[in-house]
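J.: This is what each chain is made of:
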Amino acid sequence: MKQSVTLNKVTQLIGMGFFKNIANLFTGKLEKDEVKSILRKTLVPIASILLFIGLWHAGAKALYNKEAEFKIAKALEDQGQAEADALKVCIASGDSSCQPNTLPSPIQVWGSFKSLLKDHNIISADKAAFKEKTAAMNAKRIEQGKDPITYTGRPSFVDQIVRSLKTVFAGFLLALLIAVPLGIFIGLSPTLKSAFNWFIQIFKPVSPVVWYLLVFMIVKTILIDSSEDSSFTISFISVGLCSMWATLVNTAMGVASVDKDYINVAKVLKLGTFQKVFKVILPSSLPLIFTGLKITLSVAWMVLIAIELLAQSPGLGLFVWEEFQNGANDSNAKIIVAMFVIGIIGFLLDRIMLAIQNSVSFVKTDAI
Amino acid sequence: MSTDTIQNTDTAFTENGISYPSKVMLDLKDLKKVYPTPKGDYVVLENLNLQIMREEFVTIIGHSGCGKTTMLSMIAGLNPISGGNISVLGNPVKGPGPDRGVIFQAPSLMPWMTALENVSLGVNQVFPHATKKERLDIAKYYLHKVGMDGSFNKKANELSQGMQQRVGIARAFAIKPKVLLLDEPFGMLDSLTRGELQDILIEIWNKEKITAVMITHDVDEAIFLADKVVMMTSGPRAKIGDVLSIDFERPRTRKSVLEHDDYYKYRKHLIDFLEH
Numbered sequence: 001m002k003q004s005v006t007l008n009k010v011t012q013l014i015g016m017g018f019f020k021n022i023a024n025l026f027t028g029k030l031e032k033d034e035v036k037s038i039l040r041k042t043l044v045p046i047a048s049i050l051l052f053i054g055l056w057h058a059g060a061k062a063l064y065n066k067e068a069e070f071k072i073a074k075a076l077e078d079q080g081q082a083e084a085d086a087l088k089v090c091i092a093s094g095d096s097s098c099q100p101n102t103l104p105s106p107i108q109v110w111g112s113f114k115s116l117l118k119d120h121n122i123i124s125a126d127k128a129a130f131k132e133k134t135a136a137m138n139a140k141r142i143e144q145g146k147d148p149i150t151y152t153g154r155p156s157f158v159d160q161i162v163r164s165l166k167t168v169f170a171g172f173l174l175a176l177l178i179a180v181p182l183g184i185f186i187g188l189s190p191t192l193k194s195a196f197n198w199f200i201q202i203f204k205p206v207s208p209v210v211w212y213l214l215v216f217m218i219v220k221t222i223l224i225d226s227s228e229d230s231s232f233t234i235s236f237i238s239v240g241l242c243s244m245w246a247t248l249v250n251t252a253m254g255v256a257s258v259d260k261d262y263i264n265v266a267k268v269l270k271l272g273t274f275q276k277v278f279k280v281i282l283p284s285s286l287p288l289i290f291t292g293l294k295i296t297l298s299v300a301w302m303v304l305i306a307i308e309l310l311a312q313s314p315g316l317g318l319f320v321w322e323e324f325q326n327g328a329n330d331s332n333a334k335i336i337v338a339m340f341v342i343g344i345i346g347f348l349l350d351r352i353m354l355a356i357q358n359s360v361s362f363v364k365t366d367a368i
Numbered sequence: 001m002s003t004d005t006i007q008n009t010d011t012a013f014t015e016n017g018i019s020y021p022s023k024v025m026l027d028l029k030d031l032k033k034v035y036p037t038p039k040g041d042y043v044v045l046e047n048l049n050l051q052i053m054r055e056e057f058v059t060i061i062g063h064s065g066c067g068k069t070t071m072l073s074m075i076a077g078l079n080p081i082s083g084g085n086i087s088v089l090g091n092p093v094k095g096p097g098p099d100r101g102v103i104f105q106a107p108s109l110m111p112w113m114t115a116l117e118n119v120s121l122g123v124n125q126v127f128p129h130a131t132k133k134e135r136l137d138i139a140k141y142y143l144h145k146v147g148m149d150g151s152f153n154k155k156a157n158e159l160s161q162g163m164q165q166r167v168g169i170a171r172a173f174a175i176k177p178k179v180l181l182l183d184e185p186f187g188m189l190d191s192l193t194r195g196e197l198q199d200i201l202i203e204i205w206n207k208e209k210i211t212a213v214m215i216t217h218d219v220d221e222a223i224f225l226a227d228k229v230v231m232m233t234s235g236p237r238a239k240i241g242d243v244l245s246i247d248f249e250r251p252r253t254r255k256s257v258l259e260h261d262d263y264y265k266y267r268k269h270l271i272d273f274l275e276h
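Protein chains in written order, with the working numbering: chain A, 1 to 368; chain B, 1 to 276.
Don't read these hints as lab results, they were simulated from the structure.
Don't take every hint at face value.
Said to hold, decoys possible - Taking lysine-lysine and the DSS-like style, the derived pairs with C-alpha atoms no more than 30 Å apart in a straight line are:
hint: 1; chain 1: B; residue 1: K140; chain 2: A; residue 2: K270
hint: 2; chain 1: A; residue 1: K267; chain 2: A; residue 2: K140
hint: 3; chain 1: B; residue 1: K228; chain 2: A; residue 2: K267
hint: 4; chain 1: B; residue 1: K268; chain 2: A; residue 2: K267
hint: 5; chain 1: A; residue 1: K267; chain 2: B; residue 2: K265
hint: 6; chain 1: B; residue 1: K207; chain 2: B; residue 2: K176
hint: 7; chain 1: A; residue 1: K267; chain 2: B; residue 2: K94
hint: 8; chain 1: B; residue 1: K154; chain 2: A; residue 2: K267
Model, not experiment: these values are computed from the prediction.
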């Protein structure tokens with residue numbers, strides 16, 4: 001019993017309360033309404049996913065045929081009947097050298113996903129072997145005060161995901177550390193609000209690309225003596241600066257709009273400033289602060305791709321860009337894989353934030 | 001019965017080694033409140049004089065918008081005084097403070113705190129020199145008094161409106177104010193809950209005898225609770241219109257009050273004033 005209580009709590013916390021019903025399906029505690037609700041919450045999404053894949057498949061096929069016909073017609077016009085026939089045979093055979101380059105089908109994307117995982121396994125094995133081989137030598141180098149030899153092979157898809165996550169978390173943390181305290185001060189003091197308002201209004205709408213360039217100008221000069229790769233620093237600072245505005249504005253608004261009754265209670269009790277801020281104002285504005293933080297995290301994840309691409313930081317953004325430039329046969333499929341990975345991670349990040357919000361804030365928020 | 005001030009036998013008294021020259025706890029003299037508007041000043045209260053004695057329970061009734069709440073929040077120090085003055089035991093009011101506890105119309109509990117934490121917030125502030133245990137005991141004692149046993153650790157937003165207002169009462173009494181100000185505390189409750197809370201309020205009050213000023217719209221509530229019912233004239237320029245002494249013995253029960261011969265006389269007096 002205790003276990004199922006915790007399960008309920010966890011699923012409620014991450015906004016997936018319907019898991020409770022699924023659990024009840026197996027424990028036999030089901031009402032008629034719950035059956036309906038389970039059907040709505042499980043079968044309907046599954047059906048819509050299947051429909052989506054079906055439409056995608058049909059669309060990809062139509063595009064594929066159009067591209068193939070165009071290719072054959074072009075060969076016929078440029079090179080004559082024989083070449084066109086040869087191309088037709090080649091396309092039909094599925095040979096990778098002559099495939100039309102267009103929207104990949106779901107099956108191709110799944111294939112690319114598996115090949116990316118396989119590639120990851122190969123690279124990890126390679127890395128482990130390298131580590132083993134250089135372990136003795138590195139130990140010696142460290143003793144001599146030299147830098148150890150590190151693996152410099154190309155990163156796998158999973159490495160790139162991890163890199164992107166690190167960048168987003170560093171950027172998010174930066175946004176949090178700047179925006180929350182600043183927002184509190186701005187919300188508390190009308191003077192500070194007037195001082196900062198123009199700043200917020202002007203810099204809030206600036207595009208991620210411009211933020212990247214600004215950060216690049218500054219960080220490049222600051223790190224001029226360092227030989228290390230500054231792409232990570234530049235990209236996480238850019239991500240943080242792009243995404244912090246939602247938190248800043250929401251925090252300031254939350255702090256400024258604390259229920260007047262609570263403020264009156266604090267006044268009657270003559271609470272000191274410290275107590276007033278930490279016992280009344282902050283807890284009361286937590287829901288809005290978290291709304292801001294959730295927007296910040298999703299914006300951070302969204303602008304990350306563009307910024308990594310610009311900064312040449314080896315994460316998902318760079319992966320997408322390189323695949324696009326690469327133009328290999330399965331590049332398009334890999335880009336779609338990256339798209340899904342980006343989407344799913346974004347969704348999970350949002351749910352994690354929701355769980356944290358619901359565990360610390362007095363207002364329980366449901367997932368949309 | 002005077003129209004402006006409540007006449008009482010005023011004598012000096014001593015409490016906790018401090019002697020006070022008079023029994024007047026709360027003194028409002030020529031009180032005035034003006035709200036500036038684009039069309040000129042709007043005078044809410046003018047020439048308002050009221051004296052409230054120690055250990056007196058006074059209810060204030062008047063039409064909506066006449067300035068009752070304005071007057072009460074001025075006594076609480078939450079609303080600046082435009083003219084005249086308010087003093088508590090001879091000391092002029094200069095701002096809010098825990099010597100004047102307030103029970104607001106909305107319970108105004110911090111929803112992220114438990115019932116106990118809400119009461120403790122005030123207790124810890126007012127009794128900084130007491131030990132942790134003593135302060136906790138005070139908070140628990142008052143929560144017990146309002147019938148909140150077993151719900152000490154419930155979050156305020158998990159409590160019903162009536163339960164929340166019980167905690168509000170406990171919080172106000174626990175800081176042991178000199179004056180208790182109640183701004184229609186039961187106005188948002190259904191009549192059953194209201195009756196329950198009136199009983200709780202009067203029971204604690206009988207024990208603590210804290211001078212109380214309570215705004216209400218309910219004529220029966222005004223009579224049941226009060227030693228004196230103060231009637232305010234309609235605004236603008238509202239002032240004290242009439243004062244009615246309620247001479248029922250304390251402790252009172254609802255039944256004895258309703259069955260008393262004078263009850264309908266008092267009730268008629270108040271309704272005549274309000275309909276006038």
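J.: Against this structure, judge whether each hint is valid.
T.: A quick look at each hint next to the structure:
1. Of the pairs offered as hints, the one joining B/K140 and A/K270 holds, with about 22 Å between alpha carbons and a cut-off of 30 Å not exceeded.
2. Simply put, A/K267 and A/K140 have alpha-carbon atoms about 67 Å apart, too far for the 30 Å limit, and the pair is violated.
3. Restraint check: the Cα-Cα separation between B/K228 and A/K267 comes to about 29 Å, which is no more than 30 Å; the hinted pair holds.
4. Between B/K268 and A/K267 the CA atoms are separated by roughly 39 Å; this puts the pair beyond 30 Å, and the hint is violated.
5. For the given pair, A/K267 sits about 41 Å from B/K265 by alpha-carbon distance, which is inconsistent with the 30 Å threshold.
6. Simply put, B/K207 and B/K176 have alpha-carbon atoms about 12 Å apart, close enough for the 30 Å limit, and the pair holds.
7. For the given pair, A/K267 sits about 12 Å from B/K94 by alpha-carbon distance, which is consistent with the 30 Å threshold.
8. For the suggested pair B/K154 and A/K267, the alpha carbons sit about 25 Å apart, so the restraint of at most 30 Å is met.
Hint check: violations occur at hints 2, 4, 5; the rest are consistent with the structure.
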